[in-house]
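If you're matching them up, the sequences are chains A and B in order. Each residue of the first sequence is one higher than the one before, starting from 5 at the first, in this note's numbering. Each residue of the second sequence is one higher than the one before, starting from 5 at the first, in this note's numbering.
Honestly, the hints are just simulated from the structure, not real lab data. It cannot be assumed that every hint is accurate.
Given that identical chains are not distinguished, each listed pair holds provided it fits within a single copy or across any two copies.
Stated by the list, open to error - Here are the computed lysine-lysine pairs in the DSS-like style, where the Cα-Cα straight-line distance is at most 27 angstroms:
| id | residue 1 | residue 2 |
| --- | --- | --- |
| 1 | Lys230 | Lys258 |
| 2 | Lys43 | Lys258 |
| 3 | Lys230 | Lys6 |
| 4 | Lys6 | Lys43 |
| 5 | Lys230 | Lys43 |
| 6 | Lys6 | Lys258 |
Number of protein chains: 2
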Amino acid sequence: MKKLINDPRSVVDESVEGFGLAHAGLVTVTADPKYVTRKDAPVAGKVGLVSGGGSGHEPLHAGFVGLGMLDAAVPGAVFTSPTPDQILPATLAVNSGAGVVHIVKNYTGDVLNFETAAELAQAEGVDIRTVLVNDDVAVEDSLYTAGRRGVGGTVLVEKIAGAAAERGDSLDAVAAIGDRVNSNVRTMGVALTACTVPHAGSPSFDLADDEIEIGIGIHGEPGRHKIPMENADGITDRLLDPVLSDLGISGGEKVLLFVNGMGGTPLSELYIVYRRAAQVITERGAAVERSLVGNYITSLEMQGCSISVLRLDDELTQLWDAPVHTAALRWGV
Amino acid sequence: MKKLINDPRSVVDESVEGFGLAHAGLVTVTADPKYVTRKDAPVAGKVGLVSGGGSGHEPLHAGFVGLGMLDAAVPGAVFTSPTPDQILPATLAVNSGAGVVHIVKNYTGDVLNFETAAELAQAEGVDIRTVLVNDDVAVEDSLYTAGRRGVGGTVLVEKIAGAAAERGDSLDAVAAIGDRVNSNVRTMGVALTACTVPHAGSPSFDLADDEIEIGIGIHGEPGRHKIPMENADGITDRLLDPVLSDLGISGGEKVLLFVNGMGGTPLSELYIVYRRAAQVITERGAAVERSLVGNYITSLEMQGCSISVLRLDDELTQLWDAPVHTAALRWGV
Chain A
5 MKKLINDPRS VVDESVEGFG LAHAGLVTVT ADPKYVTRKD APVAGKVGLV SGGGSGHEPL
65 HAGFVGLGML DAAVPGAVFT SPTPDQILPA TLAVNSGAGV VHIVKNYTGD VLNFETAAEL
125 AQAEGVDIRT VLVNDDVAVE DSLYTAGRRG VGGTVLVEKI AGAAAERGDS LDAVAAIGDR
185 VNSNVRTMGV ALTACTVPHA GSPSFDLADD EIEIGIGIHG EPGRHKIPME NADGITDRLL
245 DPVLSDLGIS GGEKVLLFVN GMGGTPLSEL YIVYRRAAQV ITERGAAVER SLVGNYITSL
305 EMQGCSISVL RLDDELTQLW DAPVHTAALR WGV
Chain B
5 MKKLINDPRS VVDESVEGFG LAHAGLVTVT ADPKYVTRKD APVAGKVGLV SGGGSGHEPL
65 HAGFVGLGML DAAVPGAVFT SPTPDQILPA TLAVNSGAGV VHIVKNYTGD VLNFETAAEL
125 AQAEGVDIRT VLVNDDVAVE DSLYTAGRRG VGGTVLVEKI AGAAAERGDS LDAVAAIGDR
185 VNSNVRTMGV ALTACTVPHA GSPSFDLADD EIEIGIGIHG EPGRHKIPME NADGITDRLL
245 DPVLSDLGIS GGEKVLLFVN GMGGTPLSEL YIVYRRAAQV ITERGAAVER SLVGNYITSL
305 EMQGCSISVL RLDDELTQLW DAPVHTAALR WGV
């Protein structure tokens with residue numbers, strides 16, 4: 005295992021500390037219990053947004069803390085849910101009185117721990133809504149999950165619900181927007197290589213030199229099947245077809261196309277995948293109105309990608325375009 | 005070799021085509037000869053900025069085309085200089101009459117081909133200045149280079165000279181700003197793994213499982229030495245010390261700290277490197293006033309990073325902060 009780390013036990017502490025130093029004007033890092041908040045939190049009158057999950061998916065979630073997106077991110081150990089005693093103080097720190105939305109990827113540990121934290125926060129008088137993200141069409145139930153997993157769609161939920169909160173929507177309205185994004189986005193991923201969790205020290209699953217895993221989860225948990233290596237267009241079709249059919253995209257619709265890198269794949273390859281996906285969507289009579297290409301929800305140094313398609317309407321498009329100022333996504337400000 | 009590609013011969017064509025589709029509002033892609041221009045080029049009265057080089061370093065350079073940065077990028081084959089018959093039409097396309105600055109990384113092929121294109125453009129009446137970037141402190145002379153190589157500092161030269169052009173500086177003034185950035189930035193990199201050029205099909209150099217290469221070039225060309233794997237703080241010190249001493253940074257100075265990923269290293273690890281580098285700079289009495297952390301000048305899927313330090317003055321800071329709207333760097337707009 006060759007990694008730019010000092011000690012497998014201090015990876016998250018040191019990485020988050022470095023993140024705080026690099027973005028000191030934007031975020032505040034609380035070390036123990038560990039969470040990251042928007043510098044100006046709580047923002048008076050605004051609904052607070054909190055997300056979190058295991059580390060190893062950077063820039064998710066801390067990279068999305070800031071104006072127009074999350075108010076707080078709660079990083080667990082690598083590929084391990086954060087605990088309620090992290091989530092609770094993060095929730096309290098961003099509550100201005102307007103209530104807090106928890107954005108939770110659908111993994112058993114995350115769901116349980118956010119639920120516990122929500123109960124504790126409610127006991128302290130904070131109104132909580134939860135948006136569950138479960139956009140992965142690859143599998144029903146999996147290692148760590150009952151139901152579908154939350155993957156790439158999470159980035160889009162956080163951006164768009166964050167914009168709704170920023171424009172002053174109520175607690176219920178922000179949660180409803182988050183749910184609407186989740187209902188209209190589907191994702192599927194592929195792994196070309198495995199990744200190595202620092203404290204494990206060896207790859208978390210096996211892939212032969214000529215093999216790829218279609219439908220991979222963001223922790224390297226099994227997908228649909230392992231198949232021999234194929235070319236980029238073939239792989240793109242294998243990911244995009246189930247996404248489009250599950251979403252029921254038809255001619256005349258507008259979509260956002262998000263090609264996400266798993267962490268170890270060159271950007272140039274993501275654009276080759278984007279090219280094919282955009283061509284296929286266009287051939288089917290839908291229009292790619294917005295795009296996002298890059299490493300936004302990763303699996304350490306895994307090579308591979310995921311494709312997410314979000315059905316857009318005018319309001320979602322407007323919220324996507326709204327100003328955002330975070331470490332990893334920024335425009336309009 | 006497992007890559008998300010269709011054919012090693014079409015990697016650059018398809019990737020640039022995908023880039024053009026994803027950022028259709030921002031750039032125009034010309035297919036043959038291949039170059040990428042800012043959508044609104046030529047911008048009346050503005051000095052044009054053109055850069056380019058071998059592909060495989062994405063988002064450099066096409067990802068930096070747009071308001072406040074480059075007017076055109078010219079991608080060669082992977083790790084291969086673009087040709088004069090690409091550079092010339094890109095130069096003509098962005099010339100509004102105010103002249104064009106070529107930003108050239110110091111590699112023999114790039115220097116020669118940009119020189120030829122500059123002569124041809126001048127013969128057509130376009131005034132050209134060239135800013136040569138040679139910020140790599142690792143080695144003097146190398147595979148592909150006489151003198152120091154141009155590496156991470158290129159991103160900072162393009163951003164800051166781009167801002168100078170955008171505010172209306174003259175041809176000579178934009179070139180002078182570019183030279184000033186180059187004189188005040190130093191960089192050194194490390195490789196944990198090699199990378200594989202698609203048409204070669206096998207790694208471009210050898211590194212044992214417990215070995216890293218200090219002072220690596222962005223094409224995997226040799227650095228200072230191979231050493232046994234070390235921890236992140238130790239590696240950071242090995243990169244940062246020569247950078248700071250060559251730059252002659254002393255107490256009271258202000259710097260921009262840029263930790264760049266080589267393409268295959270998780271963002272979380274880059275922040276661990278950033279943490280140590282920021283601590284060391286602070287201990288030496290200098291102040292980190294601006295930061296950039298991420299994959300901006302890469303070597304395909306290579307694992308590793310580079311550290312760049314730029315000595316800031318008020319004008320360079322102001323130009324760094326100026327609005328930029330490109331695929332890979334965006335703020336203020």
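Do the hints match the structure? See the list:
In this homomeric assembly, lysine 230 and lysine 258 never come within 27 angstroms of each other (Cα to Cα): the closest approach is 32 angstroms inside a single copy and 52 angstroms across copies. With identical chains, the CA atoms of lysine 43 and lysine 258 are at most 27 angstroms apart between copies only, with a shortest distance of 23 angstroms across copies and 35 angstroms within one. Taking the shortest alpha-carbon separations for lysine 230 and lysine 6, both the intra-copy value of 26 angstroms and the inter-copy value of 14 angstroms come in at or below 27 angstroms. For the identical chains of this complex, lysine 6 and lysine 43 are neighbours neither inside a copy (34 angstroms) nor across copies (42 angstroms), given an alpha-carbon limit of 27 angstroms.
For the identical chains of this complex, lysine 230 and lysine 43 are neighbours neither inside a copy (44 angstroms) nor across copies (42 angstroms), given an alpha-carbon limit of 27 angstroms. Taking identical chains as interchangeable, the C-alpha atoms of lysine 6 and lysine 258 are never at most 27 angstroms apart, the minima being 43 angstroms within one chain and 33 angstroms between chains.
Going down the numbered hints, you'll see the structure goes against 1, 4, 5 and 6, while the others check out.
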